[in-house]
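Residue numbers (our numbering), protein chains in the order written: chain A, 5 to 249; chain B, 194 to 247; chain C, 9 to 257.
It should be emphasised that the hints constitute simulated quantities derived from the structure, not laboratory data. Here a beta-carbon is modelled for each residue, glycine too, at the ideal position from N, C-alpha and C. Be a bit skeptical, because a hint or two may be false.
[Claimed, not checked] Taking beta-carbon pairs under 8 Å as the criterion, some of the chain A residues facing chain B (in silico):
1. Leu48
2. Pro51
3. Gly56
4. Gly58
5. Arg60
6. Met61
7. Ser107
8. Thr115
9. Glu121
10. Val227
11. Arg230
12. Ala235
13. Asn239
14. Leu247
[What the hints assert, rightly or not] From the structure, some residues in chain A lie toward chain C, with a derived Cβ separation under 7 Å:
15. Trp128
16. Arg162
17. Val170
[As the list claims (entries may be wrong)] Residues from chain A that keep clear of chain C, each with C-beta distances beyond 12 Å, as calculated:
18. Arg12
19. Leu22
20. Ala35
21. Gln54
22. Leu73
23. Trp89
24. Phe110
25. Ala160
26. Asp161
27. Ile177
28. His179
29. Tyr180
30. Trp185
31. Arg238
32. Glu245
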Amino acid sequence: MNWTWFHRLGSPPHAYRLAQRLTPWFAWPAAILCLLALYGGLVLAPPDYQQGEGFRMIYVHAPTAWMSLMVYTTMALAAAVALIWRIKVAHAAAAACAPIGASFTFAALVTGSLYGEPMWGTWWEWDPRLTSELILLFLYLGYMGLRAAIEDPQRADRTSAVLAVVGVVNVPIIHYSVSWWNSLHQAPTVMRFGKPHMSPAMLWPLLVMLIGFTLLFAALLLVRLRAEILARERNAAWIREELGA
Amino acid sequence: MREFLDMGGYAAFVWPAYAVTLAVVVANIVWARRLLRQAQAAARRRMAAAGAQP
Amino acid sequence: MPELQHAALGAPDAAVAGSAAPRAAVTLLAAARLVLQRDLTLAFRRRAQLVQPLAFFVIVTMLFPLAISPELARLREVAAGVLWVAALLASLLALEFLFRDDAHDGTLEQYVLSGQPLTALMFAKTAAHWLLTGLPLAVMAPLAALSLGAPPAALPGIVVSLVIGTIALSLIGSIGAALTLGIRRSGVLLALLTLPLSLPVLIFGARASELAILGDPIVAPLELLGALAVLGITLAPLASAAAVRISLE
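Taking the hints into account, I'd like the entire structure generated from these sequences.
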C-alpha cells in the first residue's frame with residue numbers, strides 16, 4: 005500500500021489547498037439535502053398517530069444530537085492521529101471541531117427540552133440521553149477551556165489532544181453509567197406517547213437530514229481547518245504564494 | 194397555511210426547535226467564514242511586515 | 009533525605025559499574041517505591057495540607073443538615089449522595105497539591121529524565137496521593153455517615169465503597185492535574201475537566217452507599233466501581249505521564 009497520500013495530507017500547504025478545493029463539494033450538497041429533508045419532514049411526512057405534528061421536532065433534534073457525538077469522535081480521532089504521528093494538520097482539525105460540536109450539543113439540548121415538554125409534560129427530564137448530552141457539553145467546554153488556558157499553541161494542541169482521547173474513552177462509560185442510574189431511580193421515563201413508528205415517508209427525511217448535517221460538518225470543518233492552519237504556519241513561504249500578498 | 198403554521202397545536206415547540214437549530218447552523222457558517230477571513234488578513238499583515246524589513 | 013532518594017533514581021550506581029546496563033541499578037519497582045516514600049515523607053512534613061481536605065469533607069457534610077433539616081429520617085434519604093458529593097469535592101480540592109510542588113522545584117523534570125518509565129512513577133505518585141487523601145476520607149466517612157442518620161450496620165459498606173471509589177477518583181484526578189500543569193489559577197478549570205469524567209464513580213459509589221444504608225446487598229455497584237478503578241489503574245497513569253511530558257517540553 006502506498007502511503008504518500010497520507011503524508012501529503014499532513015503537509016500544511018497541501019491540506020490547505022485540498023480543503024479549499026473540497027469545501028464547495030460538501031457545502032452545496034449539504035444545503036440541497038437539508039432543504040430537501042426540511043420539505044420532506046415539514047410537509048410531505050404524515051403526522052404521527054400519537055405525537056401528531058409534534059414529532060416533526062425529531063428532524064432537528066436527532067441530527068443535532070448525532071452531530072454532537074460524531075464531532076466529538078472526529079475530534080478525538082484527529083487528536084489521536086496528531087499525537088501518534090505528530091501531525092500538525094491533525095491538531096488543527098481537532099481544534100476546529102470543538103466549537104462546532106459544542107454549538108450542536110447546545111442545540112440538541114434545547115431541541116430535546118422543547119421535544120420533552122409536550123411528550124413528558126416537563127421541560128427537563130433526567131432522561132439518560134439528555135443527561136449524557138449535558139455531560140458531553142461539559143466535556144466540550146472543558147476541552148475549549150483547556151485550550152484557551154494554555155498560551156503556547158503547540159502545548160495547547162498536544163495537551164488538549166490528550167484530553168480529547170481521555171474523553172472519548174469515557175463517553176461510553178458515562179453513557180452506560182447514566183443509563184444504569186436512570187433505570188434504578190426512575191420508573192422508565194413516563195412518555196405520554198410512544199416513540200413515533202417510522203413509516204418510510206417519515207424516515208427518509210430524517211436520513212437525508214442526517215447526511216446533510218454530516219456534510220455540513222465536513223464543510224464547516226474544512227473552512228475552520230484553513231483558518232487553524234494559517235494560524236499555525238506563521239511565516240511559511242507558501243502562505244505568501246497562496247494569499248498573493 | 195395557517196394550519197401548517199399551527200402544527201396541530203405544537204407550534205410553540207416545533208418552531209422554536211427549528212429556529213434554534215437554524216440559528217446554530219447559520220451562526221456556525223458565519224463564524225467559520227469570519228475566522229478564515231480574519232486568519233487570512235492576519236497572515237497578509239504578517240507577510241507585509243516581513244516584506245518591508247527583510 | 010528525599011533529595012538523596014530521587015538523585016538515586018536514575019543515576020548509574022558506582023557500585024554496580026561492572027553491569028552492562030547501569031540504568032538497571034534501580035529497578036522499576038524500587039523506583040516506584042522511592043517515589044511513593046518520598047511523597048509520603050514530604051506530606052507528613054506538611055501536615056496542614058493533609059488535614060485541609062478532610063476538614064473540608066466534614067464541613068460540607070455538615071452543611072446539609074443545616075440547609076435541609078435536622079431530622080435524621082429525612083437526612084438518611086440523601087445521606088449517600090451527600091457523602092459522595094462531599095468526597096468528590098474534597099478529593100478535587102486535594103488534587104491541586106498532587107503535582108504542583110514537584111513541577112515548581114523541577115522534581116518532575118528529574119522523573120522524566122530518570123530513564124524510568126514515567127507511567128510507573130505517575131502511578132506511584134497517584135498511589136501516594138490516594139493514601140494521603142482518599143484513604144483518610146474513607147476512614148472519616150463513618151463519622152459523617154452517622155451524623156447523617158446512617159445506621160451503624162451500613163458503615164462497612166460505605167467505607168468499602170469509598171475506599172474503592174476514591175482510588176478511581178484519584179486516578180481520574182491525576183489526569184486532570186497533569187493536564188493543567190503550568191496553568192496559573194487552574195482550580196476552576198481542573199474542576200471542569202475532572203468532574204464530568206468522575207460522574208460514573210459518583211453514580212456507582214453513591215448507589216453502593218445507598219444500598220448499604222437500606223441494608224441491601226451492595227455487590228453489583230461495588231463490582232462496577234472496582235471495574236472503574238481497574239480501568240483507571242491501567243489507563244490513567246499513561247495519560248498523566250503523556251500530559252506531564254508535554255507540559256515539560
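Index of numbered hints that the structure contradicts, given in increasing order: 1, 15, 25, 26, 27, 28, 29, 30
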